[in-house]
Amino acid sequence: MTPMSTASDERASSDDQLSAETLLEVEGITKSFGGIKALNGASFEVATGTLTGLIGPNGAGKSTTFNVISGMFNPDAGSVRFAGEDITDLSPDRTAKRGLVRTFQLAREFQNMTVLENLMIAPEGQIGESSWRSVFPGTRGAVRSQEEEVFEEAWEMLEFFDIDHLALENAGNLSGGQRKLLEFARALMLEPDMLLLDEPFAGVNPSLEEKLLSRIETLRSQGQTFLLVEHDMDLIMEHCERIIVMHQGETLLTGTPEEVRSEEQVIEAYLGGNVA
Amino acid sequence: MLNSLSTLWENDLVKIGVTLGAVYALYLLAGAALGYDLSGQLNSLRRLTFLIVLYGVGALVVNLHWGYSGLFNIGIVGFMAVGVYTTTILTRPVAGQNPTGTLPGLGLPLPIAIIGGVLAAAAMGYVAVLPSLRLREDYFAIVTLAFAEIIRITAKASELQEFTIFGTTLGTGGGRGIRTYPNPIDQFFNGAGKPIVAAASSFGIDGSLVTGLAFVLVLTLLLGLVYWLIVRLAESPFGRVLKGIRDDEQATTALAKDTNSFKIRVFIIGCAILGLLGIVWQGSQGYIAPGLFVPQLTFFIWIAVIIGGAGSNTGSIIGSILFVGIIYLGPGYLRRLVEEYVGLQGSVSTFPNAVGALLGGNVDPFLLYNLDQTSALRVVLTGVFLILLLRRRPEGLFGSRREIAASIDLESRVRDRRNSAGADGDSE
Numbered sequence: 676m677t678p679m680s681t682a683s684d685e686r687a688s689s690d691d692q693l694s695a696e697t698l699l700e701v702e703g704i705t706k707s708f709g710g711i712k713a714l715n716g717a718s719f720e721v722a723t724g725t726l727t728g729l730i731g732p733n734g735a736g737k738s739t740t741f742n743v744i745s746g747m748f749n750p751d752a753g754s755v756r757f758a759g760e761d762i763t764d765l766s767p768d769r770t771a772k773r774g775l776v777r778t779f780q781l782a783r784e785f786q787n788m789t790v791l792e793n794l795m796i797a798p799e800g801q802i803g804e805s806s807w808r809s810v811f812p813g814t815r816g817a818v819r820s821q822e823e824e825v826f827e828e829a830w831e832m833l834e835f836f837d838i839d840h841l842a843l844e845n846a847g848n849l850s851g852g853q854r855k856l857l858e859f860a861r862a863l864m865l866e867p868d869m870l871l872l873d874e875p876f877a878g879v880n881p882s883l884e885e886k887l888l889s890r891i892e893t894l895r896s897q898g899q900t901f902l903l904v905e906h907d908m909d910l911i912m913e914h915c916e917r918i919i920v921m922h923q924g925e926t927l928l929t930g931t932p933e934e935v936r937s938e939e940q941v942i943e944a945y946l947g948g949n950v951a
Numbered sequence: 159m160l161n162s163l164s165t166l167w168e169n170d171l172v173k174i175g176v177t178l179g180a181v182y183a184l185y186l187l188a189g190a191a192l193g194y195d196l197s198g199q200l201n202s203l204r205r206l207t208f209l210i211v212l213y214g215v216g217a218l219v220v221n222l223h224w225g226y227s228g229l230f231n232i233g234i235v236g237f238m239a240v241g242v243y244t245t246t247i248l249t250r251p252v253a254g255q256n257p258t259g260t261l262p263g264l265g266l267p268l269p270i271a272i273i274g275g276v277l278a279a280a281a282m283g284y285v286a287v288l289p290s291l292r293l294r295e296d297y298f299a300i301v302t303l304a305f306a307e308i309i310r311i312t313a314k315a316s317e318l319q320e321f322t323i324f325g326t327t328l329g330t331g332g333g334r335g336i337r338t339y340p341n342p343i344d345q346f347f348n349g350a351g352k353p354i355v356a357a358a359s360s361f362g363i364d365g366s367l368v369t370g371l372a373f374v375l376v377l378t379l380l381l382g383l384v385y386w387l388i389v390r391l392a393e394s395p396f397g398r399v400l401k402g403i404r405d406d407e408q409a410t411t412a413l414a415k416d417t418n419s420f421k422i423r424v425f426i427i428g429c430a431i432l433g434l435l436g437i438v439w440q441g442s443q444g445y446i447a448p449g450l451f452v453p454q455l456t457f458f459i460w461i462a463v464i465i466g467g468a469g470s471n472t473g474s475i476i477g478s479i480l481f482v483g484i485i486y487l488g489p490g491y492l493r494r495l496v497e498e499y500v501g502l503q504g505s506v507s508t509f510p511n512a513v514g515a516l517l518g519g520n521v522d523p524f525l526l527y528n529l530d531q532t533s534a535l536r537v538v539l540t541g542v543f544l545i546l547l548l549r550r551r552p553e554g555l556f557g558s559r560r561e562i563a564a565s566i567d568l569e570s571r572v573r574d575r576r577n578s579a580g581a582d583g584d585s586e
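Keeping their order, the protein sequence lines are chains A and B. Position 93 (the first sequence) corresponds to 768 in our numbering; numbering is contiguous. Position 391 (the second sequence) corresponds to 549 in our numbering; numbering is contiguous.
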């Protein structure tokens, strides 16, 4: 499986026309923890097939926004719409089933499982997930042949990320950067419509970062949609089409890198030069 | 030669066989030293195997729950109790039809009653797991422990000793306990199987021993079946998600898996097997009482898993062999050997007497007192074992071993890929 299939190629070919289409729509979400207002009416949109950056100082509410979108938290108010449907109150697994998949700020690989198992756990619709099918001889054949397919997919993904030499290594033994790669690859195994990446480059060395970025670029050219939290301002400016700036739980500003850069003085004045 | 030996050791069945063989040899030696005859030796192995097999089944379930799914179930004994009590009540003769005047029941045939017992244990598992899904593992453990105690105390309640509902009289027997069902194996050897017993006697083997050995054989087959079932469950996409839940439940949820559904299913499957375990274990002893189902048994099974290493099915079986062979039955044999060869006789009943003699310069009473405390010695041995394990191999004997969760052999496929990539040359 080359991530993203024919439908996405069409999307890529008619980029201009379709990029105006809104895939994710966050409207006025608020969330308080005790007395602290982590989110205070944040609103933004992400268009299909774009790489959108979400930036803001520490405590601006970026991770909370991710948690609300992915269903880990229910917002106190506001709504999240994905592909035209309301997903505000969906549980995390249902959100992921809709095609909106996230990664975590600290890589959360399954430590005591091999890299290969980490990838093979992800694909949806595995018939062997019903407990009895893989037990009885009559139904086991179908499970096994699907396992072959899942293995093929996982192997291609490992090669795509150049970590096939680690296939049988326990994920817990991987370096920090390799774990980030693994988590990214694992999320892609779900063939998501949109990926939420929470600081995918944190703790990743420059050469690996280059590799990750080129993967993201490849996938985007195939029509994959990304929302990316990142602290490296230069990286965001260089790679993202749209940038969302958050501050104190609100969306301060949304625009192209040029627009945000031209507002930089404003931001600097606003945030004390501490945006990135 | 060494190489082929180490490949042989790779095979799980070989590991289990070698460990079992070593423990058998130890017991045969002890038996020879004690002057056992053929029947005595066979009986000693029968008892050993009986307990190993039953602990093995329990350990496999604990491993499925804890080693694979991260479900800290310390209510093992409660689900065993539900299984055996249900089956017993279902099989007891209907009121008025049992001449002995013992507690009446529903009078169902044993096979149906066994299915009933297994289903009841599964249903109880569902009731226990449902409210506990949101709890962290330590709180989950408390719930299961409490659940097992509730079941034991309910079985003990005098209100349930004998009662009439919808015109049917039945009961748990309360604190006095209840007679269980006849063992079909006994019945076979008392009827159609009589010639076999007679033939065995001519070789000097006790009649009752034949029955006992046959029952152990049936139990071993049951263990094989449970092992097969659990290995297939674990090495599958289902088992893969269970391992994911164990390692990081939230991350598993983020991969579009409904983790609650997986936890419920695996818990129920484990509880059903535990119900069956209770039916063949305590049920085969002819009589059950609430006192049999104290938490200690749960912890013994857990210790077997800890020795073997959580996460490994082979480890669970080997842990059971070592636990039963050394910790559980070891002290009794040690005492008999000491009595035989050191010439210690009699008994010292209290600790002060033993210590008093020790202070007086006489070691024998102190030794005698200690060797008499078989159950206390088990606890001491357990402690020694666990401390050694914690210092040397905290993950258990087989805890670091990899049992990859997939219905196909991934390791060989990866090897093939690498080999073919190597054969293609370094064209890339």
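Certain hints may be false.
[What the hints assert, rightly or not] Computed from the model, here is a short list of chain A residues facing chain B with C-beta under 7 Å: (1) Pro-767; (2) Gln-786; (3) Met-788; (4) Leu-791; (5) Val-818; (6) Glu-822; (7) Leu-843; (8) Arg-936.
Source of the hints: derived by calculation from the structure; they are not laboratory data. Positions of the beta carbon are idealized from the N, C-alpha and C atoms, including for glycine.
Here is how each hint holds up against the structure:
1. Pro-767: Hint on A/Pro-767: holds, closest Cβ of chain B at ~4 Å, below 7 Å.
2. Gln-786: holds, 6 Å
3. Met-788: holds, 5 Å
4. Leu-791: holds, 6 Å
5. Val-818: Since the shortest Cβ distance to chain B is 5 Å, the answer is holds.
6. Glu-822: holds, 5 Å
7. Leu-843: Hint holds; A/Leu-843 Cβ to chain B Cβ min 6 Å, cut 7 Å.
8. Arg-936: violated, 34 Å
Violated hints amount to a single one, hint 8; each of the other numbered hints is respected by the structure.
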